[in-house]
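In the order they appear, the protein sequences are chains A and B. Just so you know, we're using this note's numbering here: the first sequence kicks off at 1 and counts up by one. Just so you know, we're using this note's numbering here: the second sequence kicks off at 1 and counts up by one.
I should point out that these hints are in silico values taken from the structure, not numbers from a laboratory. Computed from a prediction, not measured in an experiment: that's the story for all the values here. The reader is advised that the hints may include incorrect statements.
Stretch by stretch, here's where chain A covers chain B in the computed footprint (C-beta under 8 Å, at least three residues) [what the hints assert, rightly or not]:
#	region
1	36–43
2	75–89
Computed list of lysine-lysine pairs in DSS-like fashion (alpha-carbon distance at most 27 Å, straight line) [claimed, not checked]:
#	chain 1	residue 1	chain 2	residue 2
3	B	K71	A	K365
4	B	K116	A	K365
5	B	K7	A	K365
6	A	K102	A	K24
7	B	K71	B	K141
8	A	K24	B	K7
9	A	K102	A	K180
10	A	K175	A	K186
11	A	K365	B	K141
12	A	K24	B	K77
13	A	K365	A	K24
14	B	K116	B	K77
15	B	K88	A	K354
16	A	K74	A	K233
17	A	K24	A	K129
18	A	K24	A	K411
19	A	K233	A	K24
20	A	K233	A	K211
21	B	K71	B	K116
22	A	K338	A	K411
23	A	K129	A	K180
Every residue gets a Cβ at the ideal spot worked out from N, C-alpha and C, and that includes glycine.
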Amino acid sequence: MEQKRFHSVRLERDKCRACTNCLKRCPTEAIRVRGGSAHIIDERCIDCGECIRVCDYHAKVAVTDPLSVIEGWKYKIALPAPSLYGQFKNLQHISQLLAALKELGFDDVFEVARGADVVSRAIRERLKKPDLPRPVISSACPAIVRLIQVRFPDLIDHIVDIRQPMEVAAMIAKKEFARKHQVEEKEIGCFFLTPCPAKMTAIQNPIGHEKSAVDGAISVMDIYGPLSAALRKAPVVEELQTSSDFGVGWARSGGECDAVCPTESMAVDGIANCIRVLEEIEDNRLNGLEFFEGAACTGGCVGGPLNFENTYVARNWIRRLVDIRNAELNVEAGMMTKYNLYDSRRILPNSAMKLDDDLVEAMRKMERIEEIYATLPGYDCGSCGSPTCRTFAEDIVQGNAREMDCIHRMKDQLRVMAQQMVDIAETTRE
Amino acid sequence: MGVLIEKTFPVEAGAYETAGEASTTIKRTLKQLGVGAEVLRHVSVACYEVELNLVIHSLGGELILQVEPEKVTLISKDVGPGIPDIEKAMTEGYSTANEEARTLGFGAGMGLPNMKRNATEFDIQSEVGVGTTITMSFALK
């Protein structure tokens, strides 16, 4: 079990109007409306950011680091997500964007797309092992990995044990910078420019390993303004891009499949779609599938809630920047052995959906849930503050709601009481 | 008296569009009860196969889930047509799936063998003109 649960996704209570939009969209049923505002059940939240997207009142926010975080470090390296390249309309060369980043106070830039090159190679190797359960599932989207921990614990063995491109990029960036400039690694801070809250959480609270090599996450939204200004002034003086088009392609859904296993693979985007396909994988319905790439956001990372540009526009810019027909991964000799690319810790199931640790007790609770559920109207209206009638019944049994929180049950009760009052009035008149 | 959870799911013949729904609910129930990953995986596979069998081969029936502290049991009961030769039906690759089912990619003849492989105990009883009952149990450690 994780000891401390950091979450990037938070609620700003004073902005919340206690509507049911987020309630309905949460893929792990982690939100309840109680006492006039929403609240997030920490144990269940996977930081996917669906609630941020659907909140009309902007009451759901993602906590990331401000750009000023880099000032605390002697040497600062920017780690741009591949999806950052899709945020600028007239970007001709990726190198130009990388040069602009240096203007913002970073001593160096290391592309996460190059980390993706290395990770792609590592996954290709893993796919040669016939004993890994198929399909092998990508570990790149932390929200999907957490979704599997919460809702598909029996598929954990399928998740490839390779760290995310962001982690690999940070490891390589630090080592190369330290060697080149003869400085100590601990003086170097690496900052991921993130399209999503799940990555921030993955840095604070890594899943497959102890400590992240990344020292902070700055949201694309926060850096967009200064970066656009710097971009206008930045000349293309040097060829800074070292990533391959495969690595850059990871920005959008399907890019990882292209780089890793173009034939017997499947890329799914959008968390609800991922859930449907994971159900099928669980039932062994997808025979012959070698690799599954799931992205919580529509379109993949270009659809992240912290991006500036519209998902489809960004996806289109990425499409224009990459050409994978003749692409080759940029992985230097020795890179596969020099860095620890693999998970050092087993991914464990998250038991937040379990009714009880004790099976017999859980069965008793389930019996109670069925009894209560049978008395509910089944409208799934959300007025009680739980996402569905079924979760409401669960909440009652777990002591987190009362039957009269259901306005329909309350109405029935009032009708009975009103009738009783009429009856009393009639009898006293005679 | 032992504790018992029992849920019944009617399954309609030929209803390909809803095939898999009972399995999804059964999986959800077992996850909430905290059934371990390994058992869950076996039940998932067997459950989907048996549900699909009801859709493809039967004239309609039901799927019953029973959970006891020491085991999970799945029972599939249909109202016909019944299997004339069970031994043949249990052979890998043998299928009597009709054209429609095959067009949809089913009928590989792995249904019953897969169920048997995944269940701790497997039993099939069938009578032509009456119906088939498949009982599968999965031991909980």
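Going through the hints against the structure:
no.: 1; hint: 36–43; in the structure: holds (count 4)
no.: 2; hint: 75–89; in the structure: violated (count 0)
no.: 3; hint: K71(B) / K365(A); in the structure: holds (18 Å)
no.: 4; hint: K116(B) / K365(A); in the structure: violated (31 Å)
no.: 5; hint: K7(B) / K365(A); in the structure: holds (15 Å)
no.: 6; hint: K102(A) / K24(A); in the structure: violated (42 Å)
no.: 7; hint: K71(B) / K141(B); in the structure: holds (8 Å)
no.: 8; hint: K24(A) / K7(B); in the structure: holds (26 Å)
no.: 9; hint: K102(A) / K180(A); in the structure: holds (17 Å)
no.: 10; hint: K175(A) / K186(A); in the structure: holds (10 Å)
no.: 11; hint: K365(A) / K141(B); in the structure: holds (21 Å)
no.: 12; hint: K24(A) / K77(B); in the structure: violated (36 Å)
no.: 13; hint: K365(A) / K24(A); in the structure: holds (24 Å)
no.: 14; hint: K116(B) / K77(B); in the structure: holds (16 Å)
no.: 15; hint: K88(B) / K354(A); in the structure: violated (41 Å)
no.: 16; hint: K74(A) / K233(A); in the structure: holds (25 Å)
no.: 17; hint: K24(A) / K129(A); in the structure: violated (41 Å)
no.: 18; hint: K24(A) / K411(A); in the structure: holds (23 Å)
no.: 19; hint: K233(A) / K24(A); in the structure: violated (45 Å)
no.: 20; hint: K233(A) / K211(A); in the structure: violated (37 Å)
no.: 21; hint: K71(B) / K116(B); in the structure: holds (16 Å)
no.: 22; hint: K338(A) / K411(A); in the structure: violated (68 Å)
no.: 23; hint: K129(A) / K180(A); in the structure: violated (36 Å)
Hint check: violations occur at hints 2, 4, 6, 12, 15, 17, 19, 20, 22, 23; the rest are consistent with the structure.
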